[in-house]
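Protein chains: 2
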Amino acid sequence: MADITIIGAGNMGGAIAGLAAAGGSSVQVLARSLEAASAVAGSLEGASAGTVGDAIAGEIVVLALPYPAVAEVLGAYADQLDGKVVVDITNPLDFSTFDSLVVAPDASAAAEIAAAVPGARVLKAFNTNFAGTLATGSVGEAQPTTVLIAGDDTAAKEALAAIVTAGGLRAVDAGSLRRAREAEALGFLQLTLAAQEKTSWGAGFALI
Amino acid sequence: MADITIIGAGNMGGAIAGLAAAGGSSVQVLARSLEAASAVAGSLEGASAGTVGDAIAGEIVVLALPYPAVAEVLGAYADQLDGKVVVDITNPLDFSTFDSLVVAPDASAAAEIAAAVPGARVLKAFNTNFAGTLATGSVGEAQPTTVLIAGDDTAAKEALAAIVTAGGLRAVDAGSLRRAREAEALGFLQLTLAAQEKTSWGAGFALI
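As they're listed, the protein sequences go chains A and B. Residues in the first sequence are numbered from 1 upward in steps of one, following full-length UniProt numbering. Residues in the second sequence are numbered from 1 upward in steps of one, following full-length UniProt numbering.
Hints in this document: simulated from the structure, not taken from any laboratory. Backbone N, C-alpha and C fix where the C-beta goes; we use that ideal spot for every residue, glycine too. Do not rely on the hints blindly, as some may be mistaken.
[As the list claims (entries may be wrong)] Under 7 Å between C-beta atoms, here's a sample of chain A residues computed to sit facing chain B:
id : residue
1  : Asp106
2  : Gly140
3  : Gly175
4  : Ala185
5  : Leu189
6  : Thr192
7  : Ala203
8  : Leu207
[To be verified] Derived list of chain B stretches under chain A, where covered just means 3 residues or more per stretch with a C-beta under 8 Å from a C-beta of chain A:
id : stretch
9  : 166-180
10 : 186-197
[As the list claims (entries may be wrong)] With beta-carbon atoms standing in for the labels, derived distance ranges:
id : chain 1 : residue 1 : chain 2 : residue 2 : range
11 : B       : Ala55     : A       : Gly10     : 52 to 60 Å
12 : B       : Ala116    : A       : Val102    : 28 to 36 Å
13 : A       : Pro105    : B       : Ala116    : 19 to 27 Å
14 : B       : Ala55     : A       : Gly168    : 52 to 60 Å
15 : A       : Glu45     : B       : Asn11     : 49 to 57 Å
16 : A       : Pro118    : B       : Ala162    : 48 to 56 Å
17 : B       : Ser100    : A       : Asp99     : 22 to 30 Å
18 : A       : Ala71     : B       : Ala55     : 56 to 64 Å
19 : A       : Ala155    : B       : Ala115    : 40 to 48 Å
20 : B       : Ala116    : A       : Ala166    : 48 to 56 Å
Using the sequences plus the hints, can you model the full thing?
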């Protein structure tokens, strides 16, 4: 068993794995490529690496994937996610236009995921944090990084918050899973501001 | 003539009037009650007070009103708003539930206002700033207040930004008026966090 499974070994997956390991959690990192997963897990105490398709070892499963890659991974793991805490970190932007989200206006990526795996306890988290702010613990030079966590299952939110705070960051309960819509709007706005250099990729919005 | 007309003499109207006056703008404050307008204008250099229905003197018109009050004021002034810069500051929450906005999911209050007064140059601004952060110039103790300005008319955005920066705050171009939707989501999320004491009414999200 592991405390947390991170599916995805990109910048966000690596930062979340590092945060969890820093707090003393045992971490399983799964990626399409074992090499990529090993590159993340190899530098962390108590972390293991594997490929997508391996059995999920963690009670908390972070989908550290771009939005278009989520459906396939959910399909591969649907039967293993009942009762698990599943964490959606996506910002479902239309990157061809940078002018809208690809989910329906009254929906959210998190709501779609919750509908796809109804037995899972789905949370929205980390989508308003740039990877650099998770790694350094600060937004810009001096403001503590806050991880907003939205979801309908209080115990699930507390479990993720415990990992975040053990890793040295602040966790804030952002309300029900319906607030994922606003969190995705915030993530979207923040990405457009960074892309236009109105903020930096190591900064963004800090909750004061 | 005045540089800017503020319609509404509540906390936000007072803070925006104070900001504009601090930057040297001439300010007209209009409210339902002359007493309320005078209470704001009386303490500001170069400010005049009047009631809703008086002729608009400013080139920039800030609707410092709660969302439900906007339609009536637009109706009263529709013929005077052609060519004006009209600034929407609303957060159109359903305050009975605190769980959704009252505008359509694919719309925004700003888009509705732009449709209602097609001759005006509509901007979304100030809705992500608590009044206290406009008055003090800081989010919490130390982070400079940033006013996000979204709109389709670059010159209009620049005119409002000039007033904001003259008053000592930072102004950031947040993109087209389509970004009002995300700004309203951010304002909504921020209000729910303050109502739950996850942040304070003198703080919120700071753009770092």
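Hint-by-hint comparison with the structure:
1. Asp106: Hint holds; A:Asp106 Cβ to chain B Cβ min 4 Å, cut 7 Å.
2. Gly140: Since the shortest Cβ distance to chain B is 4 Å, the answer is holds.
3. Gly175: Nearest chain B Cβ about 6 Å off; hint holds.
4. Ala185: Because about 3 Å separates A:Ala185 from the closest Cβ in chain B, which is inside the 7 Å limit, the hint holds.
5. Leu189: With a closest approach of 4 Å, the A:Leu189 hint holds.
6. Thr192: 6 Å, holds
7. Ala203: 4 Å, holds
8. Leu207: Result: holds, 6 Å to nearest chain B Cβ.
9. 166-180: holds (count 7)
10. 186-197: Check passed, 6 qualifying residues.
11. B:Ala55 with A:Gly10: 52 to 60 Å: Holds, at about 58 Å.
12. B:Ala116 with A:Val102: 28 to 36 Å: For B:Ala116 and A:Val102 the Cβ distance comes to about 29 Å; the hint holds.
13. A:Pro105 with B:Ala116: 19 to 27 Å: 20 Å, holds
14. B:Ala55 with A:Gly168: 52 to 60 Å: 58 Å, holds
15. A:Glu45 with B:Asn11: 49 to 57 Å: For A:Glu45 and B:Asn11 the Cβ distance comes to about 50 Å; the hint holds.
16. A:Pro118 with B:Ala162: 48 to 56 Å: Hint holds: Cβ distance 52 Å, inside 48 to 56 Å.
17. B:Ser100 with A:Asp99: 22 to 30 Å: The hinted range 22 to 30 Å holds for B:Ser100 and A:Asp99, with Cβ atoms some 24 Å apart.
18. A:Ala71 with B:Ala55: 56 to 64 Å: 57 Å, holds
19. A:Ala155 with B:Ala115: 40 to 48 Å: This hint holds: roughly 45 Å between Cβ atoms.
20. B:Ala116 with A:Ala166: 48 to 56 Å: 51 Å, holds
Hint violations for this structure: none, all hints satisfied.
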